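Those protein sequences? They're chains P and X, same order as listed.
With this note's numbering applied, the first sequence has no gaps in its numbers, which climb one by one up to 282 at the end.
With this note's numbering applied, the second sequence has no gaps in its numbers, which climb one by one up to 297 at the end.
The set of hints was computed from the structure by calculation and includes no laboratory data.
Since the structure is predicted, the reported quantities are computational estimates derived from the model, not experimental observations.
The beta carbon of each residue, even a glycine, is placed where N, CA and C say it ideally should be.
There's no promise every hint is true.
Unchecked claim - Some chain X residues flagged as far from chain P (calculated, every beta-carbon gap over 12 Å):
| id | residue |
| --- | --- |
| 1 | E73 |
| 2 | N210 |
| 3 | K281 |
Stated by the list, open to error - Simulated restraints, written as ranges between beta carbons of each label pair:
| id | chain 1 | residue 1 | chain 2 | residue 2 | range |
| --- | --- | --- | --- | --- | --- |
| 4 | X | F94 | P | A178 | 44 to 52 Å |
| 5 | P | L23 | X | A149 | 32 to 40 Å |
| 6 | P | G100 | X | T116 | 35 to 43 Å |
| 7 | X | Y79 | P | L27 | 26 to 34 Å |
| 8 | X | A149 | P | P62 | 36 to 44 Å |
| 9 | P | P228 | X | T116 | 32 to 40 Å |
| 10 | X | H63 | P | I38 | 46 to 54 Å |
| 11 | P | L65 | X | Y79 | 39 to 47 Å |
| 12 | P | F245 | X | V208 | 45 to 53 Å |
| 13 | P | R101 | X | L24 | 45 to 53 Å |
| 14 | X | V208 | P | P138 | 40 to 48 Å |
| 15 | X | Q187 | P | I38 | 36 to 44 Å |
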Amino acid sequence: MFQSQLKSRAKMKRRQIIPGFGLTFGLSLSYLSLLVLIPLSMIFIYTSQLGWDGFLKQISQPLVLAAYRLSFTTALAASLINLVFGTLTAWVLVRYSFPGRKLIDGLLDLPFALPTSVAGITLATLYATNGWIGRLLPFKVSYTQTGIVIALILIGMPFVVRIVEPVLQNMEKEGEEASAVLGANRWQTLIHIVFPKIRAAAFSGFALAFSWALGEYGSVVFIAGNMPFKTESAPLVIMQKLEAFDYDGATSVALVLLIASFLILFLINFSQWLSKRKFADQ
Amino acid sequence: MTELSLSQKTHNFARVKTPMKLVLTEPKWVQILLSLIVVAFISLFLILPLIYIFAAALSSGIHIYLNSITSPETLSSIYLTLTVVATVVPLNTFFGVLLAWTVTKYHFKGKSLMITLADLPFSISPVIGGLIFVLLFGDHGTLGKWLMAHNIQLVFNTAGIVIASLFVTYPFVARELIPVMESRGTQEEEASLILGASTLRTFFKVTVPNIKWGLLYGIILCSARTIGDFGAVSVISGHIVGQTNTMPLQVEAFYNGYQMEAAFALSSLMSVVALASLALKGYFDWKSSRTRSIDIK
């Protein structure tokens with residue numbers, strides 16, 4: 001931390017060589033403030049007007065608590081599944097070659113490009129009891145928590161793969177070679193050499209997918225079916241409260257989600273800083 | 001890039017020289033098993049839904065399909081979405097490039113804070129992205145009274161949709177550009193300036209050619225997100241059919257009205273756009289890796 005501060009101070013003393021800093025910085029900061037910072041601060045300002053008791057009253061409603069629990073557990077389940085399959089997918093795409101590899105690699109970004117409402121209605125009909133997949137399954141998926149998890153798996157799929165993939169591509173093979181020369185079997189090499197190198201990236205991807213899943217609305221709303229206490233996640237509650245013109249409730253629920261996103265973002269930055277420092281020490 | 005290819009070379013070399021047989025990859029059957037698992041996972045969660053969209057859209061024949069994509073509701077939603085894209089994408093491209101330029105070409109304190117703040121719309125719920133503008137501009141909002149007195153309506157209409165989309169897609173261009181511009185450094189721009197070119201000329205003649213493919217991909221991503229945004233627009237649009245329904249909202253309206261063919265027909269149009277943007281991404285990646293390898297030579 002201290003070192004990087006020193007470094008940036010040394011950089012500060014260097015004269016800006018390219019002209020136009022004032023103009024571009026000023027314009028960027030104004031746009032950022034007008035579009036992002038001031039509007040976002042509305043959530044804090046609005047909730048602070050409710051007072052601490054008012055805020056607590058809003059978020060301790062049983063319906064809201066159930067929604068938080070649902071959002072948290074479904075997001076966690078989906079991003080854990082994506083962590084496992086995402087790491088595996090990245091490994092397979094980088095290290096192996098098989099027919100269709102390029103196609104799969106290209107299609108992986110689809111959840112980012114496809115509108116969430118399209119993904120939502122598609123999954124809802126596919127997994128409905130008379131849908132292509134739903135009729136093959138012995139249990140109900142649409143309008144249950146399983147359905148929500150499936151929607152969240154789909155929309156969070158690219159995160160882990162896209163973060164782990166470049167790390168694997170840039171990884172030197174010397175470590176693996178040394179480990180093999182010294183007599184380790186493949187499994188030991190994977191656990192002790194490869195895994196530590198991709199751990200930080202995989203965690204970042206997991207945390208991003210989790211944060212994205214916590215706030216997801218479009219793909220969830222159709223498959224969830226909006227049953228209060230059972231399949232109503234936190235963003236759905238915000239929407240429902242807004243439709244009933246309950247701005248106090250909607251804003252309070254949103255504030256908690258917002259703080260959760262900030263915390264996750266902080267965790268990601270912190271873990272990246274940790275791994276960078278470790279890297280610098282080596 | 002050079003580093004990578006060098007290490008690959010030494011790696012091949014080492015493999016030839018080592019007499020001992022090294023286990024540097026998994027057994028063949030493990031490779032096949034893992035590949036099959038990945039293919040099955042992607043097919044189930046990604047490819048099957050994609051096929052289903054087109055199957056459902058065409059389930060009642062091509063005639064119904066053509067009728068649904070030329071219905072007045074569909075056309076008006078396409079028109080509205082295009083209007084929003086035409087406003088949002090140029091603005092966010094301009095400010096995205098400006099942000100990337102500011103944080104990569106100058107040295108100042110708080111740079112990483114600025115990047116983090118600019119990235120916020122990416123990591124918070126789109127529903128919150130809509131909510132904040134309702135709080136700001138809505139009838140009960142902070143500026144609501146003033147806006148009403150001046151007869152300006154910024155929520156529940158196209159203006160609101162544009163503002164919410166601006167918020168949601170703000171980070172996309174800069175996210176793509178910052179890594180590219182950071183790795184390029186500032187020497188080329190400095191050289192151009194020393195040789196007497198103006199800053200603007202330097203930007204267009206030196207910076208833009210270097211970041212061209214990243215920039216194009218950023219614009220594609222920004223457009224795709226603008227077309228597809230649902231949560232934020234859903235909050236701020238107020239659901240007035242034929243007036244403030246963008247394409248994703250119209251999909252919802254059709255679906256809730258049990259007009260499945262129409263919902264999936266419109267979905268298939270958006271899927272084609274999504275697939276086209278992925279294909280373009282692949283093309284840009286290929287182009288930029290080619291230019292990079294030529295640079296190294």
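Each hint, compared with the structure:
Listed as outside the interface, X/E73 is consistent with that label: its C-beta sits roughly 15 Å from the nearest C-beta of chain P, beyond the 12 Å cut-off. Residue-level check passed: X/N210 sits 14 Å from the nearest beta carbon of chain P, beyond 12 Å. Once the 12 Å rule is applied to beta carbons, X/K281 is inconsistent with being away from chain P; the minimum gap is 7 Å. Roughly 50 Å separates the CB atoms of X/F94 and P/A178, a value that falls within the hinted 44 to 52 Å.
A hinted range of 32 to 40 Å for the beta carbons of P/L23 and X/A149 is consistent with their spacing of about 34 Å. As the Cβ distance of P/G100 to X/T116 is approximately 38 Å, the hint placing it in 35 to 43 Å holds. Separation of X/Y79 from P/L27 is about 31 Å and conforms to the stated range, judged on CB atoms against 26 to 34 Å. For the pair X/A149 and P/P62, the supplied restraint of 36 to 44 Å holds, since their beta-carbon distance comes to about 41 Å.
Checked against the hint of 32 to 40 Å, the C-beta distance between P/P228 and X/T116 comes to roughly 36 Å, which is consistent with it. With their beta carbons about 51 Å apart, X/H63 and P/I38 fall inside the hinted range of 46 to 54 Å. Taken as a hint, the range 39 to 47 Å holds for the pair P/L65 and X/Y79, whose Cβ atoms sit roughly 43 Å apart. One distance hint, 45 to 53 Å for the beta-carbon pair P/F245 and X/V208, holds here, with the actual separation near 48 Å.
Range check, P/R101 to X/L24: about 19 Å between beta-carbon atoms, so the 45 to 53 Å window is missed. Between X/V208 and P/P138, the C-beta spacing of about 58 Å breaks the proposed range 40 to 48 Å. Remark: the range hint 36 to 44 Å for X/Q187 to P/I38 is upheld by a beta-carbon distance near 37 Å.
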